[in-house]
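Okay, here's what each chain looks like letter by letter:
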Amino acid sequence: MGKDRNSVLDIRNLSIEFATTRGRLKALRDVTLSVPPEKIVGLVGESGCGKSTVIFSIIHLLAENAVVTGGEIEFEGRDILKMSPNELRAIRGDRISMVFQDPMTSLNPVLSIDTQMTDIQYRANIDMEEKRNRAVEMLARVGIPDPRQRLANYPHHFSGGMRQRISIAMALLANPALLLADEPTTALDATLEAQIIHRLRQLQDMVHCSILFVSHHLGLIAELCDNVVVMYAGEVVEEGDVRDIFHRAAHPYTQALLECDPARIKEKTRHLPTIPGDIPDLVNLPAGCIFSNRCPQVFSKCRTTAPQRFEVEPGHFARCHLVTEGDVP
Amino acid sequence: MTALLEVENVRIRFRSKNRIQALMDRDQDPYIEAVCGVSFTLEPGETLAMVGESGAGKTTLARSIIGLATLRQGSIRFLGNELSNLSDAAFAQFRRNIAMMFQDPVGCLSPRRTVRSLILEPFKIHRIGDKNWTAETKRLLEMVGLSDSFSGRYPHQLSGGQARRVGVARALALSPKLIIADEPTAGLDVSVQGEILNLLVKLQADLGVSFLIITHNLSVVRHISDRMAIMYLGRFVEQGITDDIFYHPRHPYTHALLSANPNPDPDDPKEQVELKGEIPSLMNRPRGCEFHPRCPCVQDRCRSEAPPLETVAPGHLVTCHYPIKRNGRP
Numbered sequence: 001m002g003k004d005r006n007s008v009l010d011i012r013n014l015s016i017e018f019a020t021t022r023g024r025l026k027a028l029r030d031v032t033l034s035v036p037p038e039k040i041v042g043l044v045g046e047s048g049c050g051k052s053t054v055i056f057s058i059i060h061l062l063a064e065n066a067v068v069t070g071g072e073i074e075f076e077g078r079d080i081l082k083m084s085p086n087e088l089r090a091i092r093g094d095r096i097s098m099v100f101q102d103p104m105t106s107l108n109p110v111l112s113i114d115t116q117m118t119d120i121q122y123r124a125n126i127d128m129e130e131k132r133n134r135a136v137e138m139l140a141r142v143g144i145p146d147p148r149q150r151l152a153n154y155p156h157h158f159s160g161g162m163r164q165r166i167s168i169a170m171a172l173l174a175n176p177a178l179l180l181a182d183e184p185t186t187a188l189d190a191t192l193e194a195q196i197i198h199r200l201r202q203l204q205d206m207v208h209c210s211i212l213f214v215s216h217h218l219g220l221i222a223e224l225c226d227n228v229v230v231m232y233a234g235e236v237v238e239e240g241d242v243r244d245i246f247h248r249a250a251h252p253y254t255q256a257l258l259e260c261d262p263a264r265i266k267e268k269t270r271h272l273p274t275i276p277g278d279i280p281d282l283v284n285l286p287a288g289c290i291f292s293n294r295c296p297q298v299f300s301k302c303r304t305t306a307p308q309r310f311e312v313e314p315g316h317f318a319r320c321h322l323v324t325e326g327d328v329p
Numbered sequence: 001m002t003a004l005l006e007v008e009n010v011r012i013r014f015r016s017k018n019r020i021q022a023l024m025d026r027d028q029d030p031y032i033e034a035v036c037g038v039s040f041t042l043e044p045g046e047t048l049a050m051v052g053e054s055g056a057g058k059t060t061l062a063r064s065i066i067g068l069a070t071l072r073q074g075s076i077r078f079l080g081n082e083l084s085n086l087s088d089a090a091f092a093q094f095r096r097n098i099a100m101m102f103q104d105p106v107g108c109l110s111p112r113r114t115v116r117s118l119i120l121e122p123f124k125i126h127r128i129g130d131k132n133w134t135a136e137t138k139r140l141l142e143m144v145g146l147s148d149s150f151s152g153r154y155p156h157q158l159s160g161g162q163a164r165r166v167g168v169a170r171a172l173a174l175s176p177k178l179i180i181a182d183e184p185t186a187g188l189d190v191s192v193q194g195e196i197l198n199l200l201v202k203l204q205a206d207l208g209v210s211f212l213i214i215t216h217n218l219s220v221v222r223h224i225s226d227r228m229a230i231m232y233l234g235r236f237v238e239q240g241i242t243d244d245i246f247y248h249p250r251h252p253y254t255h256a257l258l259s260a261n262p263n264p265d266p267d268d269p270k271e272q273v274e275l276k277g278e279i280p281s282l283m284n285r286p287r288g289c290e291f292h293p294r295c296p297c298v299q300d301r302c303r304s305e306a307p308p309l310e311t312v313a314p315g316h317l318v319t320c321h322y323p324i325k326r327n328g329r330p
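Protein sequences appear in the order of chains S and F. For the first sequence, the working numbering gives the first residue as 1, with consecutive numbering after it. For the second sequence, the working numbering gives the first residue as 1, with consecutive numbering after it.
If you are wondering where the hints come from, they were derived from the structure by calculation, not from laboratory data. Keep in mind that the hints are not guaranteed to be accurate.
Straight-line C-alpha distance at most 20 Å; calculated DMTMM-like pairs for lysine to aspartate or glutamate [what the hints assert, rightly or not]:
#1 K82(S) with E72(S)
#2 K325(F) with D243(F)
#3 K39(S) with D267(F)
#4 K39(S) with E76(S)
#5 K266(S) with D244(F)
#6 K39(S) with D265(F)
#7 K266(S) with D265(F)
#8 K266(S) with D267(F)
#9 K177(F) with E46(F)
#10 K39(S) with E74(S)
#11 K202(F) with E267(S)
#12 K177(F) with E136(F)
#13 K268(S) with D265(F)
#14 K39(S) with D226(S)
#15 K17(F) with E33(F)
#16 K202(F) with E43(F)
#17 K268(S) with D243(F)
#18 K268(S) with D226(F)
#19 K276(F) with D146(S)
#20 K266(S) with D243(F)
#21 K202(F) with E142(F)
#22 K124(F) with E136(F)
#23 K266(S) with D268(F)
#24 K266(S) with D226(F)
#25 K268(S) with E46(F)
#26 K268(S) with D244(F)
#27 K177(F) with D206(F)
#28 K82(S) with E64(S)
Partial chain S-side listing against chain F, Cβ under 8 Å, derived [stated by the list, open to error]:
#29 L192
#30 E193
#31 H216
#32 L258
#33 A263
#34 K268
#35 T269
#36 H271
#37 I275
Beyond 12 Å from chain S on every Cβ pair, some chain F residues (computed) [to be verified]:
#38 A69
#39 L71
#40 S117
From a predicted model like this one, the values you see are computed outputs, not experimental measurements. Beta carbons are placed, not taken as given, at the ideal position from N, Cα and C, and that holds for glycine.
In isolation and in its complexed conformation, chain F is listed as follows:
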């Protein structure tokens, strides 16, 4: 069976200086690598969560899948079809099967259009005609748990949770096979966050769509994803089955991220790994293992030699010289 989405060794770079500046600075390589060498596959009906701090390249990678960022290298295949060097017209037919939900729930809806017009916009863009539009609006609103009375409202008349539901309805409009959700719950309160995630889980059960979810909220990841990948400075440092990673994280960065997300209990013994410093700049990547300046278990080898991608268990890949042994230190 072909995978729904195969991403192989993708590199994306951005120019960091204009040509004249680069010439003046004698800079041969005036680029920053936002994503460097990421590979993963996504099966039909599966949920993969990408986790990482800001600047890790999560959003850039997602944008490249829907054609909003140009690949420097690598390939993206959707149901076996190469997407990375298609013309716009050829890309459009695949694009119908991949929907994207952008980060800001209210900000990604045009403030001057009604909910009905927002929901029907995907049909217009892909020139899908002759449907009963009123019935179609009603059907989509019902799917996301909103009543028909919302169709005449404008985005500013919606709460954050309702706006997010409209975003989900828009994503569902063309019955896509893959939905990419960039921070689907950012900015929502915990009580509303649960509603949106339950909705996504229900839609997956009903329609069999795959989800690629980008988030930094690990407690969400644990409950809704099948597999997860942890991103740091444009690379996947660890990927595997969500339960395995939560049960036994191998990469020290994963371990630190998991421990930074404490159980809300004042008496819970907290074994928190505090990372030194901050995420390095992409302009100035550390040598060797890129995590070494912040790593609590750094050793000499990490400073000079970049670790290879290793399989530590079936489907569980880690980039670390000294992966964490069970419960604690390497």
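Bound conformation, chain S alone:
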């Protein structure tokens, strides 16, 4: 990880601010992460931590009041932030595709699946019949029964799980190098969630793309991802191999987040762990470490100096004074 030359996606020191009436809201600060080829990278964090801002900055879907104040997003060797609108258009939906959270709103309700799935292949130099065949083949791969008959159907004819499969099929039709998945299973029930996740893993083996998978569901991340990036209040606090994060979490926030998941608690308990306190105000940032006001292991330095990104072990990074200084509190 880190400055790996071969990464599909390399985000370096990305900072994004939103202009609000209260002042500049510093939504992302110094975000660095990379997605190696043919790997699934999980992006975890609680609401408001900037997960979606990261995703939307990659495909340039940020709100109008967003200002990129620094950093670069290198995709296949080129900086996305410096691309012209035409160059961007050439890679979006072709080299980078996306699966959105809610399949009901990401599919067009007044067009048939046939129209939508052939439209999305507008770049391919093949005739209509062939486009249709590719669509049928992809629908079969994501597990839609009788794909040829169902092609004429409209989104409302499909159930939620089916719709999300169709979105995934559409995203993969372009043979992307990178698939962005923004909480693709949040709108689905538990048993369907398991189906979609298994399918995504199989498809990734077939299509050989990388996936940046955003979720707040720790169980899914542990099951699906190779690498994990943990975000808190606009910063990447820890990143590493999935085992580094789940077995040897270095940052107190990651540790607290893992402890909070009731699925991890083996013994039945009536008192669940929590992280006391609130996310700091991102307009008037506190001095020092962003997690210092909620951290159980806080010491004086945390309140004055912001910690730097530090390599705990090869490929495992954390932003915390505890790991840079050993156990000095």
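Starting from the known structure of chain S, arrange chain F on it as the hints suggest.
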């Protein structure tokens, strides 16, 4: 001792076509059964969790208890009093003892009222007068762990967790005996989820209220409920003591649900039961056992014959021809 709440063989149906459409289609029975034949009891101070996927009928059943859905058949008794065919006026006095927390924590608070006015609304509705309202607001806010300074705020100034606490305060206002919580932690982050559940557990210990909790989050169920019921297509497929069901689920659907909720550990061996297909439509219920098209252990008998409700252990009821034996297959 009478149970706090007894629900017996409740059926609720909704019209699926209007009269003219039904006539045109020659449909004799233009209804869908959202809840069909559900029975359970809830003792004072007990927590029962209802689990199931969307469309299972959990919310409809809960709404019927507070009179928001009409029963087709069956009875609901609260402390021995029949609730199902009361007039509005007669129902109102029971309604004070049953509070409901709706699903969306911010959405169920009126955006134009302050927290104080929201918390005092139950008293107005039930015409309970002459109290020191400022002290009452303070008392209720304190109970849910919010400071007095919140009383002037509007819902949009609250975070999801705070809005949920206000919802709890509203539910507590009239000191009910039963609180129905529909997805109390949906949409909340894990760190906040714990706070709300701890609050509910504490209130139960202090006040002795009973909870009927509707959720699809099984890891929550395990920690906070005494008994649980698993719902599928409007029926309880399994109900029993929570620990028993987690230790040894009998119904294949329960087993699949439990396995779909993995322990967040990349090295944990996962024995996941993947269910085929999706939840069938209520308009087109499968014959025989309604779970058979998705069941991993389906046999011929399941396709034709609906399984009866059987008691497999004290208080543990299952609707399945071939309940799972210990650790695995039937």
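Hints versus structure:
no. : hint                 : result
1   : K82(S) with E72(S)   : holds (9 Å)
2   : K325(F) with D243(F) : holds (16 Å)
3   : K39(S) with D267(F)  : holds (18 Å)
4   : K39(S) with E76(S)   : holds (15 Å)
5   : K266(S) with D244(F) : holds (15 Å)
6   : K39(S) with D265(F)  : holds (18 Å)
7   : K266(S) with D265(F) : holds (12 Å)
8   : K266(S) with D267(F) : holds (16 Å)
9   : K177(F) with E46(F)  : holds (11 Å)
10  : K39(S) with E74(S)   : holds (17 Å)
11  : K202(F) with E267(S) : holds (19 Å)
12  : K177(F) with E136(F) : holds (19 Å)
13  : K268(S) with D265(F) : holds (18 Å)
14  : K39(S) with D226(S)  : holds (6 Å)
15  : K17(F) with E33(F)   : holds (13 Å)
16  : K202(F) with E43(F)  : holds (18 Å)
17  : K268(S) with D243(F) : holds (9 Å)
18  : K268(S) with D226(F) : holds (11 Å)
19  : K276(F) with D146(S) : holds (15 Å)
20  : K266(S) with D243(F) : holds (12 Å)
21  : K202(F) with E142(F) : holds (13 Å)
22  : K124(F) with E136(F) : holds (13 Å)
23  : K266(S) with D268(F) : holds (13 Å)
24  : K266(S) with D226(F) : holds (17 Å)
25  : K268(S) with E46(F)  : holds (16 Å)
26  : K268(S) with D244(F) : holds (12 Å)
27  : K177(F) with D206(F) : holds (12 Å)
28  : K82(S) with E64(S)   : holds (17 Å)
29  : L192                 : holds (6 Å)
30  : E193                 : holds (7 Å)
31  : H216                 : holds (7 Å)
32  : L258                 : holds (7 Å)
33  : A263                 : holds (4 Å)
34  : K268                 : holds (6 Å)
35  : T269                 : holds (6 Å)
36  : H271                 : holds (6 Å)
37  : I275                 : holds (4 Å)
38  : A69                  : holds (22 Å)
39  : L71                  : holds (26 Å)
40  : S117                 : holds (25 Å)
No hint from the list above goes unmet by this structure.
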